[in-house]
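K.L.:
So you can see what is in the structure, the chains are spelled out below.
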Amino acid sequence: MKNTISVKHLTKIYQKIKAVDNLSFDVREGEILGLLGPNGSGKSTTINCILSLLKYDKGEIKIFDQPMSPDAYEIKRQIGVVFQDVAVFEELNVYDNIDFFCGLYIKDKAERAKCVEDAIKLVGLQDFRKFYPKQLSGGLLRRLNIACGIAHKPKLIFLDEPTVAVDPQSRNHILENIETLRKRGATVVYTTHYMEEAEQLCDRIIIIDKGKIIASGTPTELKKLVKNKPIKEVSGPTLNDVFLELTGKDLRD
Amino acid sequence: MTIYKAFLRVLSRNAWILIMYSAILIFFSIFSVQANDVNLNFEATRPDLYLTNNDEGSELSHSLVKYLTAHNNIIELPDENDALNDALFYRRVNYIITIPDGFGADFLAGREPTLIVQSTGDYNAAFAEMMLQRYLNTAQSYRLIDKSETELVRDVERTLAMEVPTELATKRDVSGLEQAAFYYNFLNYPLIVGCIFMICTVMLSFREGKVARRIAVSGTRPEQVNRVLLLANSLFAFLLWLVYVGISFLVIGRVMWSMQGLWFILNSFVFAFCVTTLALLLANIVHNRNALNGLTNVIGLGSSFLCGAFVPLVWLPETVRLIAHVFPSYWYIDANEKIKALETCTWDHVVPILFNMAIVLAFALVFVLVTNLLSRHARRRAA
Amino acid sequence: MFWHNFKYTLKIILRDYALVFWTLAFPLIMATLFNLAFSNIENGERLKVIDVAVIDDGEWQANKPFQEAFRELSREDSPDRLFDTRYVSREEANQLLADEDIAGFLQLKSGHPELTVAESGINATILKSAIEEIATQSQVIREIAQKDPTKLAQLGTLPTVEIEDQSSEHLSYTMIEYYTLIAMTCLYGGMIGMAAINQLLANMSTSGRRIAVSPSPKWKLIISGLLASYLVQLVGLALLFVYTITILHVDYGPHFGLVATLSLLGSLAGLAIGVAVASLVRSNANAKVGIIIAVTMFGCFLAGMMGITMKYIVDTNLPILNRLNPANLITDGLYALYYYPTFDRFWGDVSVLTGITIVLIGFSIWSLRKEQYDNL
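Residue numbers (the numbering used here), protein chains in the order written: chain A, 1 to 253; chain B, 254 to 636; chain C, 637 to 1012.
Since the hints were made in silico from the structure, they are not lab data.
Glycine included, C-beta positions come from ideal geometry on N, C-alpha and C.
Some hints could be false.
To be verified - Restricting the straight-line Cα-Cα distance to at most 30 Å, the calculated cross-link-like pairs of lysine-lysine (DSS-like) are:
(1) C:LYS643 x A:LYS58
(2) A:LYS134 x A:LYS58
(3) C:LYS1006 x A:LYS114
(4) A:LYS134 x C:LYS854
(5) C:LYS856 x C:LYS643
Stated by the list, open to error - To give an idea of the chain C side of the interface with chain A (calculated C-beta under 10 Å), a few residues:
(6) ASN679
(7) ARG845
(8) TYR1009
Chain A extracted, bound-state conformation (with noise of 0.2 Å):
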């Protein structure tokens, strides 16, 4: 299988502070890819290296066999990203929102009509188009980001943490657009706390945390590494358990 990403050796550092301590990992086309970690452990600093964003201090980064630059506008072209904040305009509503963040994308208007359509479908805010975002609950809101990171089609998308205070029925909804994203075809990147998702949606997940890889599987890989007892007799260990034995116990930031 082809490797959609691959990074080596990638080390950041903030005033002295490793954030990301000599990571590589790859990720293989069509899959969905994992990266937990408590608050602070790096996750979002990696994906923010990973898109030319963030300056790094060592590594190399090559995206579609490419290495990635901030001007390498080719394979930015086929990247999708939903940031962790919710970045849409307060003064336009939902449709010019997702069309403007498409139309940086996609030039012909016809095609990117019917990008943005299918996306306002795809998260299912038909009935919120001519809204602003003040408008709209958290949920829809987390779903206006979503189809603003993906409305062109993207070939590989980062999402990070997009389910973050969102109520259990947005956030089906969401991991269900996920899913149907990956059925398209993409490469997805995906940052999350919340281990049931993880579980639920990942092919694979990596555990970050202090900078480093402490652990990478299948889920069921990952379950097996529980050396301690769960909490939960009956029904075996959960990725929580494998979270809390790899990262400890102690309270993060």
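The hints should help you fit chains B and C onto chain A, whose structure is shown.
P.N.:
Relative to the frame of chain A, chains B and C by itself:
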């Protein structure tokens, strides 16, 4: 208690606005009106004059300069064209006189020499020109009988030294009152902006955002919250007024300790009350922080410009003064003007001032009634 | 992509009502207020006919020179009319004075004038001066009659000294208020550019991050965003000019082409300030708006918006401050066009303003050039 704490938090976060407007008030009341010492003798107005004498050798030209110097403020300026032009435009000087070389000789010889002047065209310039004319006319007349330049200059100076004894009718501290009236007129601006901005900001944060939610879950009854808020807002407005009165004592001093000073304070208190009711009314109407910013500025600047807080009422066009009657600020500022001219505290003199205050209170009453009407309407809609 | 971003930048700007209010509506409101408040102020400073009174008793009736002089000074059809004189009793005069209906009254006592005025001031001073003038003239005539009565006839035909007034016709200082308003509009326009750029920068806003990962070249977006901002700025400026010229009848002097040139440049300076604040200051958009408002208002204050005296004080005592103050450079350039017959001062202002704009743009380019950041 929590409500007061929240109030104080909102207040301290926005305190810089109050400080800024207070600084503007202090700055302008110190620099725009310079109070003279109390003077119960007549003092002539002295135009600001710039003089160039290119006729150094002439006794007559010297005497003219001496006379003008005695009755005008001679302003020192760099002898450059641009400096003089700027000084005239920005009214640093009212009048510029250039005495050409040979002026005295030509004059004595009965020729018709030319004096070059520049003038702002206002009354100070007109008065400076009157004085210049007066000297020249007197000198012309004496030229008929005086043989020598020295004799002529002596006669002119002797005659022009004559003064009319002048009695001053007023016993008021005119320049002090002028400054006090300026301060209290200008107060319209910071008081309106400070009260409306602060009270509306507080009410907004109590109606929305984290503070509102915290109060909603605190179990306090909404009526009680409103009562406390009303009290806190009134207290704030009262303290703001008190601070401004305090500043007036610092900035103006002397005249504030007089009978008129007391009237200024009373009048501003009535007005501060009216502004508070207006702020509470607006707090019921405005539901958006951006709109609040715009509205505060428009009301503050609008009423100040139209009602004479910045430009004295007497200098406003007739129509503007007429329009201004619909603002409480007009009645407040008009009352200040009446207090400034208040000679004695007799009933006849005081009635017009009380009348203005009554109108300001009537405005306040209307604001309170409309506020109640609106909130009752809102409650019914919510129910 | 260029026009796509241009179109949406316009849409975003015009939907931001606070921005529209401060950059488009607020200057018009200020212009209206200036017009209402200042339209009469310079007339108010002109000499007006002064209300005075004379005590009309036996002594007054006996004094022909004073009677004649006051009749002449109070003649309604005279261009040199100074007074509106009432002839009253002493009691009436006191009452008129108390009611502030007259500036003062004159009483002759054994041939000598005595003056009572309400308070010191220009009107009282002129009344006093005029009375002294009358007294002086009588004295001079008496002396001539004494020394050489034959010369009395020549008094009417004395040679006159010509007083040549060389002052400019353009002395209306309220023009400065409108000029500072134009400066304010130009610089407030910076808020528009600031908003447009802020949302394109990955280290400033979340939308900027989304834009940074897109295949659209950053420069194209920045330039199209700035173009859209500048367009809105110019619309605001045009509105202000049309409004002040057609409705308020403000006279911008004979060189409107240069007035427009300076305004275009001023708007560009405003835009440069906005871009510099957007790219160099790391803070939220509200704080950046606050910075632009503060810089603009303080600049306008020094340029004379709240009183022309301030501009003169700074110009003469701390000239460097106003030479570097964009609000003043715009105001001063317009003033130079209005007041000065030559263009040296105007071009001086224009070149400094251009310099400031270029420096700001340079700093902005230096900061915008970064495609990757050390932190976000």
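K.L.:
Tell me, which hint numbers fail for this structure?
P.N.:
Violated: hints 1, 2, 3, 6.
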